[in-house]
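Following the hints, position chain L against chain E.
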Amino acid sequence: MTAVATEPTIAEAGAESGVSIGVVTFPGTLDDRDAARAVRLAGAKPVNLWHADSTLAGVDGVILPGGFSYGDYLRCGAIAGFAPIMDAVVSAANAGMPVLGICNGFQILCESHLLPGALIRNDHQHFVCRDQELVVENTNTAWTGDYSQGQTIRIPLKNGEGGFVATDEVLDELEGSGRVVFRYQGLNPNGSLRDIAGITNEAGNVVGLMPHPEHAVEAGFGPEDGGGIDGQGFFSSAVRTLVRG
Amino acid sequence: MASVVVEVMPKPEILDPQGKAISGGMSRLGFTGFGEVRQGKRFELEVEGEVTDEVLAQAREAAEKLLSNPVIENVVAVRAVEEA
Numbered sequence: 003m004t005a006v007a008t009e010p011t012i013a014e015a016g017a018e019s020g021v022s023i024g025v026v027t028f029p030g031t032l033d034d035r036d037a038a039r040a041v042r043l044a045g046a047k048p049v050n051l052w053h054a055d056s057t058l059a060g061v062d063g064v065i066l067p068g069g070f071s072y073g074d075y076l077r078c079g080a081i082a083g084f085a086p087i088m089d090a091v092v093s094a095a096n097a098g099m100p101v102l103g104i105c106n107g108f109q110i111l112c113e114s115h116l117l118p119g120a121l122i123r124n125d126h127q128h129f130v131c132r133d134q135e136l137v138v139e140n141t142n143t144a145w146t147g148d149y150s151q152g153q154t155i156r157i158p159l160k161n162g163e164g165g166f167v168a169t170d171e172v173l174d175e176l177e178g179s180g181r182v183v184f185r186y187q188g189l190n191p192n193g194s195l196r197d198i199a200g201i202t203n204e205a206g207n208v209v210g211l212m213p214h215p216e217h218a219v220e221a222g223f224g225p226e227d228g229g230g231i232d233g234q235g236f237f238s239s240a241v242r243t244l245v246r247g
Numbered sequence: 018m019a020s021v022v023v024e025v026m027p028k029p030e031i032l033d034p035q036g037k038a039i040s041g042g043m044s045r046l047g048f049t050g051f052g053e054v055r056q057g058k059r060f061e062l063e064v065e066g067e068v069t070d071e072v073l074a075q076a077r078e079a080a081e082k083l084l085s086n087p088v089i090e091n092v093v094a095v096r097a098v099e100e101a
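Those protein sequence lines, which keep their order, are chains E and L. For the first sequence, the working numbering begins at 3 and goes up steadily by one. For the second sequence, the working numbering begins at 18 and goes up steadily by one.
I should point out that these hints are in silico values taken from the structure, not numbers from a laboratory. Hints are supplied without guarantee of correctness; some may be wrong.
[Claimed, not checked] Derived lysine-lysine pairs resembling BS3-like cross-links, with alpha carbons at most 27 Å apart:
# : chain 1 : residue 1 : chain 2 : residue 2
1 : L       : K37       : E       : K160
2 : L       : K58       : E       : K160
3 : E       : K160      : L       : K28
[Claimed, not checked] Have a look at the derived ranges for each label pair, beta carbon to beta carbon:
# : chain 1 : residue 1 : chain 2 : residue 2 : range
4 : E       : N96       : L       : A74       : 27 to 33 Å
5 : L       : I31       : E       : G73       : 20 to 26 Å
6 : E       : K47       : L       : E65       : 47 to 53 Å
Since this is a predicted model, take the numbers as computed values, not measurements. Beta carbons are placed, not taken as given, at the ideal position from N, Cα and C, and that holds for glycine.
The following block holds chain E by itself, in its conformation from the complex (with noise of 0.2 Å):
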């Protein structure tokens, strides 16, 4: 049999230049592990950062994952978001590395202030556990490359407090940018302004959003209908843009 040369994958990419790829674990931190797996699985190398370092140890971007950081004391990534290990997030994104804050860590990111509004109590009291559609609405972000305009995608949700609100002139200002990345769709499940599930900052390079795409990147694991794996264009699309330079 002869052998055919074919294009690499983009995981297969991804391993060959080494991308590195870091997950920030603070105390209370749940879903770092699945962000790692999917950080792994999209071919990239998952680094375990640790709220206490100070710098970033050489990794291509950032991914701030779910949980219940600090016990969500004071009000939810409020005291992550002056986490030691922040100064250099902030100072990285800043710069144009690609960070995505999943749930809490979309929460960090807006204590933080790397993105505008704040996230509050679903409007209903009752903490949502679901698979939830959303809309991609903007695919020129470093997370969102390899999805389509206005594709439809099926993730888990899982939150308490994942109310998205801002001011009227913030929402329009967003909306006017392109800024709004996901939008809820069929049902907003938390009382979302607006129906925004998640957003970017003006360059593009950091996405924050409630939902969760780290679990939905492997068949048979992530939401039955749709096939499960709809998360999996997150990381793909970091590794793309990363390799790419």
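The following block gives chain L in isolation, referenced to the frame of chain E:
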């Protein structure tokens, strides 16, 4: 020991689901003389020695930077409480 008390409330235009839940509990218990309930936070910052203007200024800064989130909350009071 002297202290500085900081009080933080959710902004009036921001939905307060906790207040809403408390309001439901109030009426179930027969406390019917009240309308909407809003829940805020009170912080007591212990101060070594006197509460000087500088200490108060620091407390105000902490209140804006950490104790409240200006997107959703207002700092409604920062005041000195002397030793009893």
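Okay, the hints, checked on the actual structure:
Taking the CA atoms of L/K37 and E/K160, the gap is near 22 Å; set against the 27 Å cutoff, the hint holds. Taking the CA atoms of L/K58 and E/K160, the gap is near 26 Å; set against the 27 Å cutoff, the hint holds. Among the hinted pairs, E/K160 with L/K28 is consistent with the structure: their alpha-carbon atoms are about 26 Å apart, no more than 27 Å. Our hint of 27 to 33 Å for E/N96 and L/A74 holds, since their Cβ atoms are close to 28 Å apart.
Remark: the range hint 20 to 26 Å for L/I31 to E/G73 is upheld by a beta-carbon distance near 23 Å. Roughly 48 Å separates the CB atoms of E/K47 and L/E65, a value that falls within the hinted 47 to 53 Å.
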